[in-house]
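Protein chains: 2
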Amino acid sequence: MSPYSKGVEILSIGTELLLGNITNTNAQWISEQLSQLGLNHFRQSTVGDNCDRIIKVIQEISKRSNLLITTGGLGPTPDDLTTEAIAKSFNVTLFERPHLWDEIKQKLSNSNLKDDSSSLRKQCFFPKNAQIINNPRGTAPGMIWEPIKGFTILTFPGVPSEMKTMWEETACDFIKTKFSDSYSFFSNTLKFAGIGESSVAEKINDLFNLKNPTVAPYANLGEVKLRITARAKNELEAKNIIKPIKEKLKKEFSKFIFGEDNDTLPSVLINKLDERKETIVFAESCTGGLLSSSITSISGSSQVFLGSIVSYSNALKNSLLNISEKKLEKYGAVSKEVCEAMAINVKEKLGADWSIAISGIAGPKGGSQDKPVGLVYISISGPNNHITNIKKKFNSTRNRIEIQTLSVNVCLNSFRLILLSDRK
Amino acid sequence: MSPYSKGVEILSIGTELLLGNITNTNAQWISEQLSQLGLNHFRQSTVGDNCDRIIKVIQEISKRSNLLITTGGLGPTPDDLTTEAIAKSFNVTLFERPHLWDEIKQKLSNSNLKDDSSSLRKQCFFPKNAQIINNPRGTAPGMIWEPIKGFTILTFPGVPSEMKTMWEETACDFIKTKFSDSYSFFSNTLKFAGIGESSVAEKINDLFNLKNPTVAPYANLGEVKLRITARAKNELEAKNIIKPIKEKLKKEFSKFIFGEDNDTLPSVLINKLDERKETIVFAESCTGGLLSSSITSISGSSQVFLGSIVSYSNALKNSLLNISEKKLEKYGAVSKEVCEAMAINVKEKLGADWSIAISGIAGPKGGSQDKPVGLVYISISGPNNHITNIKKKFNSTRNRIEIQTLSVNVCLNSFRLILLSDRK
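Listed in order, the protein sequences are those of chains A and B. First residue of the first sequence? That's 639 in my numbering, and the numbers climb one at a time after it. First residue of the second sequence? That's 639 in my numbering, and the numbers climb one at a time after it.
You may find that some hints are simply not true.
Because identical chains share one entry, a pair is satisfied inside a single copy or across any pair of copies.
In the DSS-like style, the derived pairs of lysine-lysine whose C-alpha atoms are separated by at most 30 Å in a straight line are [what the hints assert, rightly or not]:
| # | residue 1 | residue 2 |
| --- | --- | --- |
| 1 | Lys760 | Lys886 |
| 2 | Lys863 | Lys886 |
| 3 | Lys743 | Lys1030 |
| 4 | Lys701 | Lys644 |
| 5 | Lys965 | Lys987 |
| 6 | Lys1062 | Lys694 |
| 7 | Lys760 | Lys893 |
| 8 | Lys849 | Lys814 |
| 9 | Lys814 | Lys694 |
| 10 | Lys814 | Lys877 |
| 11 | Lys1031 | Lys1009 |
| 12 | Lys1062 | Lys863 |
| 13 | Lys987 | Lys871 |
| 14 | Lys974 | Lys816 |
| 15 | Lys987 | Lys787 |
| 16 | Lys871 | Lys849 |
| 17 | Lys760 | Lys877 |
If you are wondering where the hints come from, they were derived from the structure by calculation, not from laboratory data. All figures in this text were calculated on a predicted structure; none of them were measured in a lab.
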């Protein structure tokens, strides 16, 4: 038996990957999905937009694995070669599916794309017995095709949002039914804010050696996650395996845990405010709209978020937020005093229960000895007019966007902790 | 000749990659380095921490390429198997290098690492005639080894910072001397807005068959790019190869091209306004701060951007932007009439030369027969009080964040076109 026995492989197709123009996030996402389905995923390959090389690698994979997932090369341009190369790998001809061409024309007429669509026609050609994977977010469909007995190929476009939707709506169920054994992996992720990855890891070092469930830490900018994964026959069994570990973690970290799975700090806050029937507004300076857009990116935010004033210039801090020129001159725009006044005035002016104001130096220019790049003031004002003032100094190695993102994170997490201690 | 002829491959080793726990940023970074060195990089593979599978893939690669870069699997734990597997691939024994063990002990005593160092000893074993790549940032050295004539392997740890330092300090020079001919690749990217990828591609189909320079299209949400890549002995020669193609493209697409290389729509607009010594403000409804933050993410935006009003609720459209309740009731917040009034009023109130207002339905809720999800109004008002009104209907399959992102893109690109036709 080959050392691969039978398993799943991922093949990423695109010269831009070999040139290092883009990072292969698709392979990571699909790997994660395959893990959750409990499939044996042994190997990944990447090749460029070259028909001979694509054929060679597909023929190799067909000899050692029973399922191949490809991404990339399904589009309308001449270097989109995937379907053609797969067909050639098994000496098969492509046939046009007229209904797909109708669908593409329909999609184009529904959108603003004033595209001369003739090149899109090649996206309608598939092997005779291939099943189509609809692409609700784009024009290039994928396929599920078993060219030889015991070897199935699923194709996806390289655009991550299209690939993910097609996976979730069509491919996932197919793979689950045909390739998963009776065991699957179930995960439950706890999300942390206000604590670093190494602080989390140090406290629970023993948990990382567990076999079922496993516990693994991940970190993004300003967010730490612990994923608890159980291998089980069904979801109920998995939940029972996960439960004691989850309870242990919740006890250990209590308020550092802000949510689970798909929760985000904005979504958690919107839900909390919605329950409390309270509203919020912002006065943003250094984050320049990022705090507002983090909230308004969530559906349902209009229930609790009324609006905000982005007062980037000092003149607007004066005219829109009534910060006196004297105060601006005496303390500077980046100061506890100005930030506090911004929070008080925006709440009053916009008529909300809560307000958050933020002023700081996002850099890379504009820093000084006294007020270096990375210095940020945050003020939060609530229904009882109690004010919380926060001063942060982010590491000066952080770039502008990181400082803005981390500032928004501190705003949201500080507000979460205030809501927690201010039970209605 | 095999379709790979002789070239370079990257092999990433680590079960965490197959589980989808981490994204393979190393492969992207190394690919970029190889491109810059002008090497033929044909293929990438990823396998887990499994000795048999590592051996199999290394033996395959040794038959089709002449240089292999590996990352991962050099550490002290039992699942770090790379050096051992490479040696086994060519039936060679590993020998300890005593001076490396001295170096590791020295590094440990210098650091805070309270590691039981006995497991680190395996990091000192290498094939007899391998050259060591020092690791200034960690304890695991790599190697440069030619196990069979015409096939060389370079090994690196998986930790990106260690790998990059070792590449820059040792490996890069070695590869340049031994594998690079005197040619390198130089790229120049043209960036498009307001036109789809397939429309761009169809007009210049002939260019995609060029050999030097090559022309390749890429697309993100709302942005299309064409990269022109020349293979040349130096930058000047490359520029001369690229120039005629670039001029042809600029003539063909003229105003659809908004910039080059690191330009973004926000950065281009900030520069344009800065040159004109004009300022801008926004009134945002459906984009909820995203338009403002797209501008303020760029350093230097405070020169031209004064601030904005995010009027998410109708009450704030009335109180902050003086949109009469009558108008809001008659036309609705998502209408040409309200959007136009938002643009006029925000410009006057905030005192800028230009204003952009946007109102729409980002979904997924809030749509109706008359005003479906994806409907967006944009109004742009300039120094001469001329108003441009734009109505867009994005495809309803778009999700909330895509509609917001595309709306911002249309705002910025429409404004760019207005500035182009309004030469000062």
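Going through the numbered hints above, which ones does this structure break? Give me the numbers in ascending order. 6, 13, 14, 15, 17
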